[in-house]
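Chains as they are written, first to last, in UniProt numbering: chain A, 1 to 462; chain B, 1 to 462.
Read the hints as simulated data drawn from the structure, not as lab findings.
Heads up, none of these hints are tricks.
Copies of the same chain are indistinguishable here, so a pair counts whether it falls within one copy or spans any two.
Computed list of lysine-lysine pairs in DSSO-like fashion (alpha-carbon distance at most 30 Å, straight line):
{"id": "1", "residue 1": "K24", "residue 2": "K142"}
{"id": "2", "residue 1": "K360", "residue 2": "K279"}
{"id": "3", "residue 1": "K5", "residue 2": "K24"}
Remember, it's a predicted structure, so these values are computed and weren't measured experimentally.
The primary structure of each chain is shown beneath.
Number of protein chains: 2
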Amino acid sequence: MEHIKKYVHENKERFINELVDLLKLPSVSADSAFSQDVLNTADKVKFFLEQAGCDKVEICETPGYPIVYAEKIIDPALPTVLVYGHYDVQPADPIDLWDSPPFEPVIKKTALHPDGAIFARGACDDKGQMFMHVKALELMMKTNTLPCNVKFMIEGEEEVGSSSLSWFVPRNKEKLKNDVILISDTGMISNQQPSITTGLRGLSYVEVEVTGPNRDLHSGLYGGAVANPINILSKMIASLHDENNHITIPGFYDKVEELSKEERAEMAKRPFSLDEYKKALDIDDVYGESGYDTNERNSIRPTLDVNGIWGGYTGEGAKTVIASKAFAKISMRLVPNQDWKEITDLFQKHFENIAPKSVKVVVKPHHGGQGYVTPIDSIGYQAASKAYTDTFGATPIPVRSGGSIPIVALFEEELKSKTIMMGFGLDSDAIHSPNEHFGVFNYLKGIETIPLFYKYFTELSK
Amino acid sequence: MEHIKKYVHENKERFINELVDLLKLPSVSADSAFSQDVLNTADKVKFFLEQAGCDKVEICETPGYPIVYAEKIIDPALPTVLVYGHYDVQPADPIDLWDSPPFEPVIKKTALHPDGAIFARGACDDKGQMFMHVKALELMMKTNTLPCNVKFMIEGEEEVGSSSLSWFVPRNKEKLKNDVILISDTGMISNQQPSITTGLRGLSYVEVEVTGPNRDLHSGLYGGAVANPINILSKMIASLHDENNHITIPGFYDKVEELSKEERAEMAKRPFSLDEYKKALDIDDVYGESGYDTNERNSIRPTLDVNGIWGGYTGEGAKTVIASKAFAKISMRLVPNQDWKEITDLFQKHFENIAPKSVKVVVKPHHGGQGYVTPIDSIGYQAASKAYTDTFGATPIPVRSGGSIPIVALFEEELKSKTIMMGFGLDSDAIHSPNEHFGVFNYLKGIETIPLFYKYFTELSK
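Please build the complete structure, drawing on both the sequences and the hints.
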């Protein structure tokens, strides 16, 4: 393990500078205005993979943004690790809430990151965490310690639903053949208490459009006499939760896995302070489904959130208008066994059913993905657990995450292999928010831990 | 009356071209980006008032946009008519729904306007209707038929609450002294059946802000565990109406004037086809307060409409975020006897009360105004009625409008005179909407009718 510490110590400045270069590219996949930047980012990732020592690196065209594939095969008889990550990032807005420009990375110390953290969109999700794997390979190549074969598949549409990946994977099963899939796109409890994500929530993301009159109307001449699509949309959204914050869509909970008392007790052991949680978010109270605590609400329970809403006059001043249309983006987080396509259908039918005759409703499914659970008795989990224990000096706790990496379920279905989610970020790293950052400590610890996973996974595979 | 028809006939091309010039100026008072255009419009109005024959025209400075004042005093012993209008216009958005640019006027024939209509923002509300009075004065001056004194007060903030006018009027009572106030900023039933607006609704306009967590959050990591301000705002808005579409704000209806069976029967005589109404708006059904029909809902009943809503990610694609804040612009149309300040307070208290502990709510009152009723036995109403009867060949029907001209109540309070609302627009002219227009027939009829009002008002005042 000494050679690892030594190499990281000697190269950490460069490791950081190279990541900073990557973060300067605004690879926002959700906004076509950035499409050239997304493509440039793919080229940059290709460059770094070649530099790290892969002997085959390709930009694979897809119906959407390309997938960067790379491999280093040292012996077909040895196990193969497939590393997945994404080079695209979330939109940066609201930009005015960033303390520094989202694509001009700066390193600042924070209470949780005394060694400093890199502030930039994508610093943690997922450029920083993806790049740890590139640097870990470089380390193993330069120190001649790569114990097995490795493949990389880095996509550019994770933040918009990975539709091209779903197209790519079934068409390249042989090329992607592997014994375990390794992803760093999740978090851990703290820098003192590592954790490994064993469960992910699924996702169904839809956009709804409510149309009232065929044109915007004067709210004085028509107000009170015609359905106002914004009022109606608000009413429809409100009706999606009952007074206990249960979701009211018929059949929504039918397949939800209810955890046993024991499992819930296990989960409850996770260190957690409700006061600190509220303080960190500056809220007087939490809010959620009756009968479940905060950590259960955001991990083992399905949810429905409006991610965006707009309609009518939103400019400066006042406009007395009744809008013709109102819109909302709505996403549902799903738990294992809930099928996202089925839930999307249930939502669509229900939302159309509850619309009054005085408006027209269109529901456009955006994308989605299944939930997932990793067995903690698998070789992959054991190898990851030993690796963290070596580098952090503490055994990682298995946790269910509330987030979604839809493609994990796809991998299991298409490639028949399990995914290990070795996350090194913290919940406080503000991914998807202004001032996203990634601790320098976490970044370097990741680079140190990954080679040990390769070592233990290869040993345990014998 | 022949001299009137003759003058209009000989000058109508110029009348139209001068209005087109005025409409080319984007005097959007709600958006500070247009402030210079608003000021230029005031200068243009001054120019036209001088050209029409006023012997005193001033640009009166105010805390906001200036008020253009003009007068033609022929004999202090004669009655004085004060003409009010506004030179500012509503914002043009959504601009992409306009068939032609909002500030590049075009004349097109429509089913209701076989002689053509001028399409532009402000064509009807209120530049076109205000300009009829300028041209009517020119006509009376050029034909030596002005029978009384006239004053003009044209403001630039009607679309944003007339706050500077409320400042100006009390400070200029002597200057504004008059016997009747004449406004053309309302509509009439049809080009075959004129009507005079005898009632206006009051207005209370507020903006609300709901804040949940102190930053945007990842909807996977926090979804279900914290209050989503968009879901909460939707819920709060939904709760403002009950299942009968009565407004739920405590005390909201306390002072609402309930009309007698007789009055409601009188109103019901107004020609109206629900099918045509629905067809014109392309809606399958109307929607409103139980126990009242469509024409009652939008005239004698108070309402609450969301005029704009926004929050979270509203861009292209998908962003799985829980927004920190959600906003809405909400306006209430009030009926005579409801005090807008009192209603604004009731709204504010109620909205703050219904907010769950998990969010913070701010209610910002925008502006408002009182409702108003004109007695139909007044000299002013009688003079207007006779004028319309002469030019349209049909006696106008008195109607209550759902719209608000808050300053009408102010005039009565400060200047102690009644306002006559001689509107020449049609409900279908799409004021406050894309493709606003004003019929050439209506424009010229207005210029013909106004001098007759002066004539009859002067005679009846003797």
